[in-house]
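Engineer: Sequence:
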Amino acid sequence: MKPADWDEYPLVLSPADVKRILGCGSNNVYALFHRKDFPVVRIGRTLKVSREAFRNWLEREQK
Numbered sequence: 704m705k706p707a708d709w710d711e712y713p714l715v716l717s718p719a720d721v722k723r724i725l726g727c728g729s730n731n732v733y734a735l736f737h738r739k740d741f742p743v744v745r746i747g748r749t750l751k752v753s754r755e756a757f758r759n760w761l762e763r764e765q766k
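The sequence shown lines up with residues 704 to 766 when you count with this note's numbering.
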């Protein structure tokens, strides 16, 4: 993903945003959001991740 592409997404990503970025299914995304090493933020029953935290996590996972 090019740096400019990241700016097209909101500062706080929903599972649907992560699904679009990764191009994977809903089950995989929700499994990701429940991993202990994933920087998820819970707002009530809603799961979110900051764009920057997700980007950093993704870069670490690619190594």
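There may be inaccurate statements among the hints.
[Stated by the list, open to error] For each label pair, taking beta carbons as the anchor points, the in silico distance ranges come out as: (1) Q765 to R723: 15 to 23 angstroms; (2) N730 to E764: 15 to 23 angstroms; (3) V715 to R738: 25 to 33 angstroms; (4) D708 to G747: 28 to 36 angstroms.
[Unchecked claim] Dumping the calculated DSS-like pairs for lysine-lysine here, alpha-carbon to alpha-carbon at most 25 angstroms: (5) K722 to K739; (6) K722 to K766; (7) K739 to K766.
No lab work stands behind these hints, which were simulated from the structure alone.
Since this is a predicted model, take the numbers as computed values, not measurements.
Here a beta-carbon is modelled for each residue, glycine too, at the ideal position from N, C-alpha and C.
Engineer: All hints are to be evaluated individually against the structure, with a verdict given for each.
Structural biologist: Hint check results:
1. For Q765 and R723, the Cβ-Cβ distance of about 18 angstroms falls inside the hinted range of 15 to 23 angstroms, so the restraint holds.
2. The supplied range of 15 to 23 angstroms is met by N730 and E764, whose beta-carbon atoms lie about 18 angstroms from each other.
3. For V715 paired with R738, a C-beta distance near 18 angstroms fails the hint of 25 to 33 angstroms.
4. For D708 paired with G747, a C-beta distance near 29 angstroms keeps the hint of 28 to 36 angstroms intact.
5. At roughly 19 angstroms between alpha-carbon atoms, K722 and K739 fall within 25 angstroms of each other, so this suggested pair holds.
6. Proximity of K722 to K766 is assessed by CA-CA distance (about 21 angstroms); at most 25 angstroms being required, the pair is judged to hold.
7. For the suggested pair K739 and K766, the alpha carbons sit about 18 angstroms apart, so the restraint of at most 25 angstroms is met.
Checked against the numbered hints listed earlier, the structure breaks hint 3 alone; every other hint is satisfied.
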